[in-house]
Amino acid sequence: MSDYNFAYLDEQTKRMIRRAILKGLAIPGYQVPFASREMPMPYGWGTGGVQVSAATLTPADTLKVIDQGADDTTNAVSIRKFFEKTAGVATTEETGAASIIQTRHRIPEEDLREDQILVYQVPIPEPLRFLEPSEIETRKMHSLEEYGLMHVKLYEDIAKHGAIATSYAYPVKVEGRYVMDPSPIPKFDNPKMEMAAIQLFGAGREQRIYALPPYCKVVSLDFEDFPFEASKADHACDMCGATDSYLDEVIMDDSGGRMFVCSDTDYCTGRRQAGHMGAQAAAASAALEETAV
Amino acid sequence: MYVAVKGGERAIDNAHAWLAEERRGDLNVAELSVSQIREQLSLAVNRVMAEGSLYDPDLAALAIKQARGDMIEAIFLIRAYRTTLPRFGASAPVETEAMACDRRISATFKDAPGGQVLGPTFDYTHRLLDFALAADGEVPNIAKGEARTEPTPHITDFLNKEGLIQTEATSEDVPGDLTRAPLELPANRPLRLQALTRGDEGFVLSMAYSTQRGYARNHAFVGELRIGKVSVEMEIPELGFAIEIGEVELTECETVNQFQGSKTEPPQFTRGYGLVFGQSERKSISMALVDRALRWEELGEDNLGAPAQDEEFVLYHSDNIQATGFLEHIKLPHYVDFQSELELIRKLRREALENANPIQEAAE
Amino acid sequence: MNTEVLKGGFGNAPVDAAYAFRAAMKAMACPGTVEVLQGAQPPAPVSVAAGTLLLTLCDPDTPLHLAGDFDCEDVRAWVSFHIGAPVVAAEVSMFALGSWEALAPLSRFAIGTPEYPDRSATLIVEQEVLAQDGMALRGPGIKDSVTMALPETGAFQMNAMLFPLGLDFFFTSGDQVSALPRTTKVEVA
Chain X
1317 MSDYNFAYLD EQTKRMIRRA ILKGLAIPGY QVPFASREMP MPYGWGTGGV
1367 QVSAATLTPA DTLKVIDQGA DDTTNAVSIR KFFEKTAGVA TTEETGAASI
1417 IQTRHRIPEE DLREDQILVY QVPIPEPLRF LEPSEIETRK MHSLEEYGLM
1467 HVKLYEDIAK HGAIATSYAY PVKVEGRYVM DPSPIPKFDN PKMEMAAIQL
1517 FGAGREQRIY ALPPYCKVVS LDFEDFPFEA SKADHACDMC GATDSYLDEV
1567 IMDDSGGRMF VCSDTDYCTG RRQAGHMGAQ AAAASAALEE TAV
Chain U
299 MYVAVKGGER AIDNAHAWLA EERRGDLNVA ELSVSQIREQ LSLAVNRVMA
349 EGSLYDPDLA ALAIKQARGD MIEAIFLIRA YRTTLPRFGA SAPVETEAMA
399 CDRRISATFK DAPGGQVLGP TFDYTHRLLD FALAADGEVP NIAKGEARTE
449 PTPHITDFLN KEGLIQTEAT SEDVPGDLTR APLELPANRP LRLQALTRGD
499 EGFVLSMAYS TQRGYARNHA FVGELRIGKV SVEMEIPELG FAIEIGEVEL
549 TECETVNQFQ GSKTEPPQFT RGYGLVFGQS ERKSISMALV DRALRWEELG
599 EDNLGAPAQD EEFVLYHSDN IQATGFLEHI KLPHYVDFQS ELELIRKLRR
649 EALENANPIQ EAAE
Chain Z
998 MNTEVLKGGF GNAPVDAAYA FRAAMKAMAC PGTVEVLQGA QPPAPVSVAA
1048 GTLLLTLCDP DTPLHLAGDF DCEDVRAWVS FHIGAPVVAA EVSMFALGSW
1098 EALAPLSRFA IGTPEYPDRS ATLIVEQEVL AQDGMALRGP GIKDSVTMAL
1148 PETGAFQMNA MLFPLGLDFF FTSGDQVSAL PRTTKVEVA
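Residue numbers (our numbering), protein chains in the order written: chain X, 1317 to 1609; chain U, 299 to 662; chain Z, 998 to 1186.
Next up, chain X with everything else stripped away, as it sits in the complex (with noise of 0.2 Å):
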């Protein structure tokens, strides 16, 4: 693709973008207003995180792109593809090779290192957006440090459920300030984000960008009586017999078999290369093996 610039923005959007990134740093959890541009993708199909990979990659990057936890979802090969075409930059599905990880939904399960980066596809940035759908309301609640309304949405739901229902997009207050949308990872997710490795946030169609230097403070909101849980599937991954991971359950037939696996794929590939199995590890391997051929 000769036609395009390295990673296909232009170099002033570029810089505008770098800015907005510099800020972020600077102001952990604010979002800071950038002026996306429209990518060949669609708005809410990763344009604000694809951006932000344009803006901070290097020719000597390796690029890792996930989506749900996995390399080899559609979109996640539709944006490792276009960066390959467009930055000529070498990727990876394997987290400790990567240099740059974009996702979607996901934090990878292996801690990652101060010279990563992981950047978020984010579709809406703004935690307070569904209550309340202002944005000139909710850019005045972060000025003043006014989150009483999400305090009260969580007590609602302890009210009415006898627990927080919040199970994705779990909000956190970032160095005891700003609120901040995590993105839609699962709240098994968020006690990872207090990590070694920078995290850029992109939402391109809401033109935000905000990012979370390494060690920063993270904590998701809770009460004191009803603390904040990481939780996850109560099970074993039934192919590398992980029990730390996140778990996706999948339906095997119609008389409710099924079986859960690491949502992380790499991390799955990873465990059972070196040995581990879990309960149906045998029969499924099997099985990968005459698909391979």
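There may be inaccurate statements among the hints.
[Stated by the list, open to error] Derived CB-CB ranges, DEER-like:
no.: 1; chain 1: X; residue 1: 1545; chain 2: U; residue 2: 628; range: 21 to 31 Å
no.: 2; chain 1: U; residue 1: 557; chain 2: X; residue 2: 1450; range: 24 to 34 Å
no.: 3; chain 1: Z; residue 1: 1083; chain 2: X; residue 2: 1452; range: 26 to 36 Å
no.: 4; chain 1: Z; residue 1: 1073; chain 2: U; residue 2: 387; range: 21 to 31 Å
no.: 5; chain 1: X; residue 1: 1461; chain 2: U; residue 2: 311; range: 46 to 56 Å
no.: 6; chain 1: U; residue 1: 455; chain 2: X; residue 2: 1401; range: 23 to 33 Å
[Stated by the list, open to error] No farther apart than 30 Å at their CA atoms in a straight line, the calculated lysine-lysine pairs in the DSBU-like style are these:
no.: 7; chain 1: U; residue 1: 442; chain 2: U; residue 2: 408
no.: 8; chain 1: X; residue 1: 1469; chain 2: U; residue 2: 645
no.: 9; chain 1: X; residue 1: 1489; chain 2: U; residue 2: 645
no.: 10; chain 1: Z; residue 1: 1182; chain 2: X; residue 2: 1489
no.: 11; chain 1: X; residue 1: 1397; chain 2: U; residue 2: 363
no.: 12; chain 1: Z; residue 1: 1140; chain 2: X; residue 2: 1508
no.: 13; chain 1: X; residue 1: 1456; chain 2: Z; residue 2: 1182
no.: 14; chain 1: U; residue 1: 629; chain 2: X; residue 2: 1469
no.: 15; chain 1: U; residue 1: 629; chain 2: X; residue 2: 1401
no.: 16; chain 1: X; residue 1: 1401; chain 2: U; residue 2: 363
no.: 17; chain 1: X; residue 1: 1533; chain 2: Z; residue 2: 1182
no.: 18; chain 1: Z; residue 1: 1182; chain 2: X; residue 2: 1508
no.: 19; chain 1: U; residue 1: 561; chain 2: U; residue 2: 363
no.: 20; chain 1: X; residue 1: 1508; chain 2: X; residue 2: 1469
no.: 21; chain 1: X; residue 1: 1508; chain 2: U; residue 2: 629
no.: 22; chain 1: U; residue 1: 629; chain 2: X; residue 2: 1548
no.: 23; chain 1: X; residue 1: 1548; chain 2: Z; residue 2: 1140
no.: 24; chain 1: X; residue 1: 1476; chain 2: U; residue 2: 645
no.: 25; chain 1: X; residue 1: 1489; chain 2: Z; residue 2: 1140
no.: 26; chain 1: U; residue 1: 645; chain 2: X; residue 2: 1397
no.: 27; chain 1: X; residue 1: 1533; chain 2: Z; residue 2: 1140
no.: 28; chain 1: U; residue 1: 645; chain 2: X; residue 2: 1508
no.: 29; chain 1: U; residue 1: 645; chain 2: X; residue 2: 1548
What the hints contain is simulated information worked out from the structure, not anything from laboratory work.
Think of the CB as a built atom: it goes at the ideal place given N, C-alpha and C, for glycine as much as any other residue.
Starting from the structure of chain X, add chains U and Z where the hints point.
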């Protein structure tokens, strides 16, 4: 037996191949040329140019062909292409006063200097399917008239001579650019007009219609609707003067709306304004009505809570490329989030059932 | 026209700027770390690192303030040719370049507004050397604490108290850069 789904890349390639086949359709039917679309589906081309914010009939026609006639998809193709174009500068404001009008009508006066010119309009066609078109598209042979040479002054200028209509504030400020700066609220009228002119025709139409039905009704008369070509000029710093770089077809609508007055100012009519690429009358009239409704604060009217008065609502929801992308993204996999909801709802139900039947539970 | 002005830009802008931004981002994300920043050959007294930062982050959309000796004909001409940033007074600048002394008083620069704390100036402070001893730094981007030599303490402590408003700083020397965002707490080690 569970097998992780692999081969996303091959699936995507196959889907694209099938899509190309479907676009072409039956090979026994001649391929549609871009120039046929440009010439014979020109109103579709106009809509793609208007909402794609790029005046290029050939590219718009290509986009329609590529998109299999899906207008929003075609607009999307044009928008994505447009962002990659370098910017050489901004043109001088076009002079619609000097428009070579193909059509010019006023609903507020029986006749006016410049005349009532119907032009190529569907207005008085009887909507009867023309089966002759199924066979051929020959046009009747009608003698050509002489092009009018008299000037066509704006209708609102006549009203203005008597001071009957509010004079629009002029400004030398460079208007903001929605495509280059993030939208900030409250916005101003130039930004609102930009959003409306590239906004979804259906959305703007429905918003306008709602004002007619009483949601912030503002009694609009079509003071004037004109369609025609205007020349586009650009200041060339090295030359020190402006040169014509081309011409564009535009539709302009000015509405004359209910008047305002106060103790210090006698009553005056007010205006709404619509300007859209190409022949796009429905869109430009709609735009003028919505523009007028959004001016409630500036004109000292009450906020009636009507959707068309809500700048934030209109500006955030008028763009069909944003809307369609976000709407359609919910077909992407969301199984990780759904899984977390599954866990939660099972837990809540378990607890609710335990609380409802404590004795039974204990007995089991 | 002085042809010297034409020199000193990026050789391969998309790639040079990409590497430079990563170094700048790493510096801002991890206060106290020193990164290498190369690519520009700006006229004196601008360092390679500061010139590279300007090329990477500034353009006609970013009003730039040149403080003290940095506001000279050579620098203005270089900025005008390679960057196009309007050279402005401190009060209306998005970026500023100069020595610590020349940039003072800091109260002239925009610190953002409660609704838009990002609308604050970024100051590029040229220093003789970037030494990694001196003050103790804590805050986001720093695992426990790191040490870094700063031109003074009080100004940065005052700045941190403004959070979420405040200024953000890059320090440059030769081809090295480090940074100090408003979130960093500075203490005498």
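Taking the hints in turn, this is what the structure says about them:
| no. | hint | in the structure |
| --- | --- | --- |
| 1 | 1545(X) x 628(U): 21 to 31 Å | 27 Å, holds |
| 2 | 557(U) x 1450(X): 24 to 34 Å | 31 Å, holds |
| 3 | 1083(Z) x 1452(X): 26 to 36 Å | 30 Å, holds |
| 4 | 1073(Z) x 387(U): 21 to 31 Å | 24 Å, holds |
| 5 | 1461(X) x 311(U): 46 to 56 Å | 50 Å, holds |
| 6 | 455(U) x 1401(X): 23 to 33 Å | 54 Å, violated |
| 7 | 442(U) x 408(U) | 25 Å, holds |
| 8 | 1469(X) x 645(U) | 20 Å, holds |
| 9 | 1489(X) x 645(U) | 26 Å, holds |
| 10 | 1182(Z) x 1489(X) | 19 Å, holds |
| 11 | 1397(X) x 363(U) | 25 Å, holds |
| 12 | 1140(Z) x 1508(X) | 15 Å, holds |
| 13 | 1456(X) x 1182(Z) | 27 Å, holds |
| 14 | 629(U) x 1469(X) | 28 Å, holds |
| 15 | 629(U) x 1401(X) | 25 Å, holds |
| 16 | 1401(X) x 363(U) | 25 Å, holds |
| 17 | 1533(X) x 1182(Z) | 14 Å, holds |
| 18 | 1182(Z) x 1508(X) | 24 Å, holds |
| 19 | 561(U) x 363(U) | 58 Å, violated |
| 20 | 1508(X) x 1469(X) | 24 Å, holds |
| 21 | 1508(X) x 629(U) | 27 Å, holds |
| 22 | 629(U) x 1548(X) | 24 Å, holds |
| 23 | 1548(X) x 1140(Z) | 29 Å, holds |
| 24 | 1476(X) x 645(U) | 14 Å, holds |
| 25 | 1489(X) x 1140(Z) | 19 Å, holds |
| 26 | 645(U) x 1397(X) | 40 Å, violated |
| 27 | 1533(X) x 1140(Z) | 11 Å, holds |
| 28 | 645(U) x 1508(X) | 23 Å, holds |
| 29 | 645(U) x 1548(X) | 11 Å, holds |
The structure shown violates the earlier hints numbered 6, 19 and 26.
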